[in-house]
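Trainee: For reference, the chains in residue letters:
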Amino acid sequence: QSVLTQPPSASGTPGQRVTISCSGSSSNIGNNTVNWYQQLPGTAPKLLFYSNNQRPSGVPDRFSGSKSGTSASLAISGLQSEDEADYYCATWDDSLNGVVFGGGTKLTVL
Amino acid sequence: DVQLVESGGGLVEPGGSLRLSCAASGFIFRSHTMSWVRQAPGKGLEWVSSITSSSSSTYHADSVRGRFTIFRDNAKKSLYLHMNSLRAEDTAVYYCARDLLPWFDPWGQGTLVIVSS
Chain A
311 QSVLTQPPSA SGTPGQRVTI SCSGSSSNIG NNTVNWYQQL PGTAPKLLFY SNNQRPSGVP
371 DRFSGSKSGT SASLAISGLQ SEDEADYYCA TWDDSLNGVV FGGGTKLTVL
Chain V
5 DVQLVESGGG LVEPGGSLRL SCAASGFIFR SHTMSWVRQA PGKGLEWVSS ITSSSSSTYH
65 ADSVRGRFTI FRDNAKKSLY LHMNSLRAED TAVYYCARDL LPWFDPWGQG TLVIVSS
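Line order of the protein sequences matches chains A and V. The opening residue of the first sequence carries number 311 in our numbering; numbering runs sequentially from there. The opening residue of the second sequence carries number 5 in our numbering; numbering runs sequentially from there.
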């Protein structure tokens, strides 16, 4: 069972907007910044967002990240077939003294 | 280009040992904290271990503390993970990643470790 809670799956049709949530506690999301990773099928994870809402170069602005209190969310607008992937949130946990991940959300583009 | 290439994975019996390696290029390796993250088959990501740039501090997840050791050779631009007393639940793809405190970027392609008799 993961420290951070994500829905196991999400879906949308091309062009739609999809949101993926990530819920934690005061010892992790509540006190630290959140990062998001995208893992395309059969590949290694790739950084999608850091520090809650900072987008590395090359990440389309269709993707946006936010954090409020002990929760964070990833939004994808103008959904495309190539967005089909697993998405993971992550942050530092002050109690565990280590990085914790969400269980991952499998995004399906219908 | 920043690149990380893992090696050393394979099949090992329960209770056995294995050493993973990660070769870095394209960035100043000696200046960065480095980490290992693993992913069991069909499962999510799990942080395993981290080591600071000068090796002054190491950190391990509870699940591997006392069995795994992370170390590095800055002259060789290489990161290592020595794994002892391996268990079936250690079966996973092990990724090496540059740790930008507290996010990981980039990640290597991973190396598969299978613990089975």
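Mixed in with the good hints there might be a few duds.
Derived lysine to aspartate or glutamate pairs resembling DMTMM-like cross-links, with alpha carbons at most 20 Å apart [claimed, not checked]:
{"id": "1", "chain 1": "V", "residue 1": "47", "chain 2": "A", "residue 2": "394"}
{"id": "2", "chain 1": "A", "residue 1": "416", "chain 2": "A", "residue 2": "393"}
{"id": "3", "chain 1": "A", "residue 1": "416", "chain 2": "A", "residue 2": "392"}
{"id": "4", "chain 1": "A", "residue 1": "356", "chain 2": "A", "residue 2": "393"}
{"id": "5", "chain 1": "V", "residue 1": "47", "chain 2": "V", "residue 2": "5"}
{"id": "6", "chain 1": "A", "residue 1": "356", "chain 2": "V", "residue 2": "93"}
{"id": "7", "chain 1": "A", "residue 1": "356", "chain 2": "V", "residue 2": "66"}
{"id": "8", "chain 1": "A", "residue 1": "416", "chain 2": "V", "residue 2": "5"}
{"id": "9", "chain 1": "A", "residue 1": "356", "chain 2": "A", "residue 2": "404"}
{"id": "10", "chain 1": "A", "residue 1": "416", "chain 2": "V", "residue 2": "66"}
{"id": "11", "chain 1": "V", "residue 1": "80", "chain 2": "V", "residue 2": "17"}
{"id": "12", "chain 1": "A", "residue 1": "356", "chain 2": "A", "residue 2": "394"}
{"id": "13", "chain 1": "V", "residue 1": "47", "chain 2": "V", "residue 2": "66"}
{"id": "14", "chain 1": "V", "residue 1": "81", "chain 2": "V", "residue 2": "5"}
{"id": "15", "chain 1": "V", "residue 1": "81", "chain 2": "V", "residue 2": "109"}
Output of the computed footprint for chain A on chain V, the stretches with three or more beta carbons under 8 Å from beta carbons of chain A [claimed, not checked]:
{"id": "16", "region": "38 to 52"}
{"id": "17", "region": "68 to 78"}
Since the hints were made in silico from the structure, they are not lab data. Here a beta-carbon is modelled for each residue, glycine too, at the ideal position from N, C-alpha and C.
Trainee: Next step is simple, just say for each hint if it's right about the structure.
Mentor: How the hints compare with the structure:
Restraint check for residue 47(V) and residue 394(A): the C-alpha separation of about 17 Å stays at or below 20 Å, so the hint holds. Annotation: proposed proximity of residue 416(A) to residue 393(A) holds, straight-line Cα distance about 10 Å (limit 20 Å). At most 20 Å may separate the alpha-carbon atoms for a hinted pair to count; residue 416(A) and residue 392(A) meet this at roughly 13 Å. Distance restraint check for residue 356(A) and residue 393(A): the Cα-Cα separation of roughly 13 Å lies within the 20 Å cut-off, and the hinted pair is therefore satisfied.
Annotation: proposed proximity of residue 47(V) to residue 5(V) is violated, straight-line Cα distance about 29 Å (limit 20 Å). Note on residue 356(A) and residue 93(V): the hinted pairing is violated, with a Cα-Cα distance of about 24 Å set against a maximum of 20 Å. At most 20 Å may separate the alpha-carbon atoms for a hinted pair to count; residue 356(A) and residue 66(V) exceed this at roughly 25 Å. Proposed proximity of residue 416(A) and residue 5(V) is contradicted: the alpha carbons are some 29 Å apart, above 20 Å.
With a C-alpha separation of about 24 Å, the suggested pair residue 356(A) and residue 404(A) falls outside the 20 Å cut-off, and the hint is violated. The straight-line distance between the Cα atoms of residue 416(A) and residue 66(V) is roughly 27 Å, outside the 20 Å bound, and the hint therefore fails. With a C-alpha separation of about 30 Å, the suggested pair residue 80(V) and residue 17(V) falls outside the 20 Å cut-off, and the hint is violated. Straight-line distance between C-alpha atoms of residue 356(A) and residue 394(A) comes to about 14 Å, which keeps the hinted pair within the 20 Å bound.
For a cut-off of 20 Å, the pair hint linking residue 47(V) to residue 66(V) stands: about 18 Å separates their Cα positions. Simply put, residue 81(V) and residue 5(V) have alpha-carbon atoms about 15 Å apart, close enough for the 20 Å limit, and the pair holds. Of the pairs offered as hints, the one joining residue 81(V) and residue 109(V) holds, with about 16 Å between alpha carbons and a cut-off of 20 Å not exceeded. A stretch counts as covered by a chain when three or more of its residues have a beta carbon under 8 Å from one of that chain; for the region 38 to 52 of chain V and chain A the count is 6, and the coverage holds.
Residues of the region 68 to 78 of chain V with a Cβ under 8 Å from some Cβ of chain A number 0, which does not satisfy the need for three, so the listed coverage is violated.
Hint violations for this structure: numbers 5, 6, 7, 8, 9, 10, 11, 17, all remaining hints satisfied.
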